[in-house]
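Participant: Put chain B on the given structure of chain A with help from the hints.
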Amino acid sequence: MLSTTLFYIFSIIIVLSCLGVVSSKNPVYSVLFLILAFINSAILFLFLNAEFLAMLLIVVYVGAVAVLFLFVVMMLNVKNEEKNIKFQKYTPFTLLIVTVVFVEILYIFVSDDVILKNISLSENLSFKNNTIFLGNILYTDYFLLFQISGIILLVAMIGAIVLTLRSRIGVRKQVINKQISTSKSDVIEIAKVKSGDGA
Amino acid sequence: MKIDEKIIKVNLFDGIDGFLIAVPEIFLLFSILLLIPLNLYFFKDKEFKSSSKFSIFSILITLILILFNPHEGQGFNNLIVSTSFQKFVKSLILVSILLVLLICKNKSKIENIDYSEFNLLTLLSTCGMLFVVSSNNLMTLFLALELQALPIYILCTLRRNDIKSSESGLKYFLLGALSSGLLLFGISLIYGFSGTISFNEILATNITSNIGLSFGLVFMLSGIAFKISAAPFHMWSPDVYQGSPTPITLLIATAPKITAISVLIILTYKVFVDFNDRWTDLIIALSLCSMVVGSIGAIIQSNLKRLLAYSSISHMGFILVGLVSFSNSGIEAVLFYITIYLFLLVGVFSIILSLNKDGQPIELISDLKGLSNHYPLLSISLLVFMFSMAGIPPLSGFFGKWLVFFAAVEKELYFLAILGVIFSVISAFYYLKIVKIIYFENSDDPLVLEQSPELKIIIFICLTITCLIFLFLPFLQQLIINHLS
Chain A
1 MLSTTLFYIF SIIIVLSCLG VVSSKNPVYS VLFLILAFIN SAILFLFLNA
51 EFLAMLLIVV YVGAVAVLFL FVVMMLNVKN EEKNIKFQKY TPFTLLIVTV
101 VFVEILYIFV SDDVILKNIS LSENLSFKNN TIFLGNILYT DYFLLFQISG
151 IILLVAMIGA IVLTLRSRIG VRKQVINKQI STSKSDVIEI AKVKSGDGA
Chain B
1001 MKIDEKIIKV NLFDGIDGFL IAVPEIFLLF SILLLIPLNL YFFKDKEFKS
1051 SSKFSIFSIL ITLILILFNP HEGQGFNNLI VSTSFQKFVK SLILVSILLV
1101 LLICKNKSKI ENIDYSEFNL LTLLSTCGML FVVSSNNLMT LFLALELQAL
1151 PIYILCTLRR NDIKSSESGL KYFLLGALSS GLLLFGISLI YGFSGTISFN
1201 EILATNITSN IGLSFGLVFM LSGIAFKISA APFHMWSPDV YQGSPTPITL
1251 LIATAPKITA ISVLIILTYK VFVDFNDRWT DLIIALSLCS MVVGSIGAII
1301 QSNLKRLLAY SSISHMGFIL VGLVSFSNSG IEAVLFYITI YLFLLVGVFS
1351 IILSLNKDGQ PIELISDLKG LSNHYPLLSI SLLVFMFSMA GIPPLSGFFG
1401 KWLVFFAAVE KELYFLAILG VIFSVISAFY YLKIVKIIYF ENSDDPLVLE
1451 QSPELKIIIF ICLTITCLIF LFLPFLQQLI INHLS
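Protein chains in written order, with this note's numbering: chain A, 1 to 199; chain B, 1001 to 1485.
Take these hints with a grain of salt, some might be off.
[Stated by the list, open to error] Capping the alpha-carbon separation at 25 angstroms, the derived lysine-lysine pairs in DSS-like fashion look like this:
(1) Lys1044/B <-> Lys178/A
(2) Lys25/A <-> Lys1171/B
(3) Lys1171/B <-> Lys89/A
(4) Lys173/A <-> Lys1044/B
Just so you know, these hints were derived from the structure itself, not from any lab.
If we strip away everything but chain A, and leave its shape as in the complex, we get (with noise of 0.2 angstroms):
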């Protein structure tokens, strides 16, 4: 009992820090919210004993993925946005989808025919020590989907690269080699001056 009130604390925590994510008009704002969320995240995956993910999700989503969006929003130096007019004209429209769609998520909660089967319950996950398990199945039963990730970081890759790369004519690039090689002689012109020539 007290798990599952707990369960609900935290998700609405998450709801309600995603709703702040999208609605705060300061984009720090909206990134601390993200973080929050990821947080309460890792909490719930606590509560289904994978401690391994919980870790995870806060050393490469807090730590990395969201600090790195600060950065960004940090440099960019982006104004508060103002309201788009534009949104507001779909907004009625949305509201239904949204609710239709919610009261179907409550109907099918609330019928009785239906049996959530108790995920954490699944023998996946109640070894004690998941860590070991996690990197047992995932480079045996779950090879091929661990390899297909890897083909879709390489895109990522490529991605960026084909995106952002673009060689410019005239730039001046530094060649060490030619750095290292040039004698005295080429670059220092000793001259005499006479006594009483200079200025």
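Facilitator: Just chain B now, kept in the frame of chain A:
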């Protein structure tokens, strides 16, 4: 630390079978990994041409490997499956990619997309498509769909100094991410209510009255409807078609759609078979919406590629009619339809690509004015493709529609068949409008024809298939039936 002995696995993989099944995909992956250093160090002078040749060659070998791979069944811990159905769809995808690469080989310069990464990204996307088709698990399906889609988002933005191209790529990416979100939400619901993500086990659960599962299915189908641009999930397609460079529009219009249709077939006919009364209504709605939007929306278009986008929406509507009928003749009709539609699209796009005006690729329908005066042969082939798309016998488009509606009538879906025929007639209007512009309107500004031998051969092949399909119709049907068993 003492590790529980029980959880250490002894057998790493379920034998070598998985590798043997996936030999074509593995070959393609290795050739991609080889292409990266080749692009960097060896193809320096004629970078695009050489890498294009290399990719065409590797796609050809992959095609041969798929056709002659004797190993069938499931592999990699049942994550992938390969049967004759998968082989058929995969060969279709590879043929379409092959045609796209052949067309792009000489057209990349004028379209300003002659980066060697074009070939690399196309191959990566192809690899994703092959995995999508052979997926036997919701997780494989999702990851492979992402692998298929991500390179295409980048390809749309390839002409990065062009604001239209960047817009189309961004739009495609955002809506694609939304559709992935829907798909993933559906998958999580299905996992929550059935407790498994494997297709075999979902099929074995035999739960028919579970609302949660069907709710998840609705989300998954919406996610896939985004990919085939069926209305009301079609909003991205006209903008993306118009904005991206024309060869990439051709790529978007063919191979990913074939993939998504095959996913729909697998999900509806092989996984959620027990839910057929639920997804049938859904697909009927999708199909009717697509036919309405595709037929009515195209009438007011003046841009050629936007028009083709709407035409593809309406064709997706017709294809979904075949899916609704839930019978073997239904899938047969769907596969037949996408096969002929592929060649129609390739034909039309090769004609568009071979023409240019003032050194610019043609954009508007009115650019085609007076085509018949200068290039009678080309205009008659465009006429044949347009008639075929409109569904005029004895061209291939007619047989596609005929089979699809026949399958619907067999299952007593009369209203769907009748509405389909009505909308097919409405859509004939804008195909015939193009024919009218070609033959009955004149222009002082002559178009310039620039065709490489490959392009001529491709147009000729597409034309032959479109015109002479009725001669080998029984043979083709037999081929598809053999692949369905």
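Participant: Look at each hint and say if it fits the structure.
Facilitator: Status of each hint after checking the structure:
1. Of the supplied pair hints, the one linking Lys1044/B and Lys178/A holds, its CA atoms being roughly 24 angstroms apart against a limit of 25 angstroms.
2. Under the criterion of a C-alpha separation no larger than 25 angstroms, the hint pairing Lys25/A with Lys1171/B is consistent with the structure, at around 23 angstroms.
3. Distance check on the hinted pair: Lys1171/B and Lys89/A sit about 20 angstroms apart at the alpha-carbon level, within 25 angstroms; holds.
4. Of the pairs offered as hints, the one joining Lys173/A and Lys1044/B holds, with about 20 angstroms between alpha carbons and a cut-off of 25 angstroms not exceeded.
Hint check: no violations occur; every hint is consistent with the structure.
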